[in-house]
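Student: Could you put together the complete structure from these sequences and hints?
Number of protein chains: 2
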Amino acid sequence: MIYDFATGNTNPENFPADELAAAAADVIPKIVVELNRYPGKFGHLGLRKLMAQREFDREGVTLDPDQIILTHGSMQAITMVADALCQGDDPLIVMEEHCYPGSINAFRSMGIDMVGIPLDDKGMRVDLLGEALADLDRQGRKPRFIYTLATYQNPTGTVMPRERRLELIALARKYDCIVVEDNCYGDVHFEGEKPPALYALDDDPRHIYICSLSKVFAPGVRLGYLTAAPAMLEQILAKRHDAGPNTMAAAITEAYLKDRLWDHIETANEALKKKRDAMLATLAEHSGNLYSFSHPVGGLFIWLEMADDIDMDRLLVIAEERQVKFLAGGSFNVRGEKGPYLRLAFGFPPVEEIEAGVAKLAACIRDARRS
Amino acid sequence: MIYDFATGNTNPENFPADELAAAAADVIPKIVVELNRYPGKFGHLGLRKLMAQREFDREGVTLDPDQIILTHGSMQAITMVADALCQGDDPLIVMEEHCYPGSINAFRSMGIDMVGIPLDDKGMRVDLLGEALADLDRQGRKPRFIYTLATYQNPTGTVMPRERRLELIALARKYDCIVVEDNCYGDVHFEGEKPPALYALDDDPRHIYICSLSKVFAPGVRLGYLTAAPAMLEQILAKRHDAGPNTMAAAITEAYLKDRLWDHIETANEALKKKRDAMLATLAEHSGNLYSFSHPVGGLFIWLEMADDIDMDRLLVIAEERQVKFLAGGSFNVRGEKGPYLRLAFGFPPVEEIEAGVAKLAACIRDARRS
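In order, the protein sequences belong to chains D and X. For the record, in the first sequence the residue sitting at position 88 is 117 according to our numbering, with numbers rising by one throughout. For the record, in the second sequence the residue sitting at position 263 is 292 according to our numbering, with numbers rising by one throughout.
Derived by calculation from the structure, the hints in this document are not laboratory data. No false leads were slipped in.
Repeated chains share a single entry, so a pair holds when one copy, or any two copies, can fit it.
List time: in silico EDC-like cross-link candidates among lysine to aspartate or glutamate, alpha-carbon distance up to 16 angstroms:
(1) K59 - D47
(2) K151 - E196
(3) K59 - E42
Values in this document were obtained by computation on a predicted structure and should not be read as measured data.
Tutor: Printed below as a string of structure tokens:
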């Protein structure tokens, strides 16, 4: 038995297969002309309108659908933004020290230098961000942008409080720095208050906001989106060379979600919350003095810090032998530095597998103690 | 009335909407697990197998489906290849002097220097390719690759004969140069013999082959693919940062096409051939001594060369006023040079619009004569 907690997949168990199939059958005959045309740089209008509604419902901000461009997942949005903003010599960005490996690998591959800011239980430490920006300023190095997952940060699961968001925005203004906000987990929400998205607090016309349907619907539809003010949007679109986003996936997704977006998200989140709870309970049951772990109120991940006496290299060998999969801390570190961390994804496996697999992981950790 | 001959869209008239809707409704419940997972770097296996079969049927070459990666249209394949092969200082490629503007714009945006090789009625002039490669060699400049649309070249519609293909391959070998073959129009075939794809004639393990479903099925599904030998494929995949291709679009497309790929293509081509014939007949009827035009045996475009006494700048103004849309030659020139050319796309508009619009275009051209 393989226990796979490595990837941020979603929950197949209560997936609305029949409703989605019906929506697809209904909409395909209506989009024949659209399917036979290149989609343009913005993509399917219906889904852009629905995503404008989603943002209005969550943030109270009115977006023109023509300020929204659909992308091939949020990853395409991230690489387009980096491509648009990181031309020229020695591009540098500032971001959370632990972050999504997909973003880190893309930035690295694009030759972008990453300055990592440590996190605490409230997300990026804005005091240290201020110091880093001041340092860079003294060196005459200007970051192309600050990249942040302020809500349900990946991998730490932290949520940046409103006050800290305002401080981040003030620092960005002070140092004339663009903020790129990646809110792909923003609606995978289990409990408690949600602070506003940064873009709802920031009137800098260069602010860039990225969101996704991968986490609230399905990663296999490869649909994300990006919004920015017209001048910035134009700059980003100049780096779009894909002949446009996916009409078929967008039209089917909109046809299914349009009358039930929040119902769908609520149902999905309830099921995910049970999985999170099962993982938290199993982690607590077996923790001993082996590790501490995050208690995220949203997102798809739990972040573990190993006790000092755990040999991480040994743990990786043991876990691989026993077929328990997760991602080790080094994958998330902007400098590739190993650390006493690992990330568990709870969205995909059934509750019983979470319980059995986490118990097995705890045993692996115990057996990786330095004697 | 707007007459739009600008974009290489496909034919919505005989699109199999009901069959596609039925295929979607049938397959969606079967791919729930797959939809809830990230697709991986290769993408939906079923469509990769079908594309391997397509290549076998057309070229007689057996491809392992694990040598094929699905892409977001052929454009993503093109940009991934360019990204993988054009790192470092002053990247240079060699390609047809007139080419698809999407490719040209992407290469330009990526800072790639393009050396254009003139075409004749048999595609890229391989004699001039040899001279260009020899020149570059003397200058110590090594092209990262030769990019070619050897079959139904866009915009000229030319087909490179087998003998010339072999010469191109021999030149690539002589100058140790990678060949990137873009066969996106390869199956949009109306009559006559088709020479083999270059990859079927070339055993260089660095040869890269790109194809698409946009032209034989629909651009709105955004599905292309790329094949290369393992080492080259790995090098290209290192530049894939999109979290994988579209599972939903791939699964639905495969479900529809799997038992009728060639029937679908044959039906689509028959309808396109009628449109091409209507455009050719109308062009002939109104040609006077205004222009000459290509007679393509495949693809979606006719390429016009204006007579010496036509004022191109004036033509563009007149055509815009009268709402006849096409792309002017400058869009296709690797150096952005204007020329006495324009490209007409015949796939999307109905036959009556082709007849009325081309007649109107001929009148525009007549009125753009230098007095």
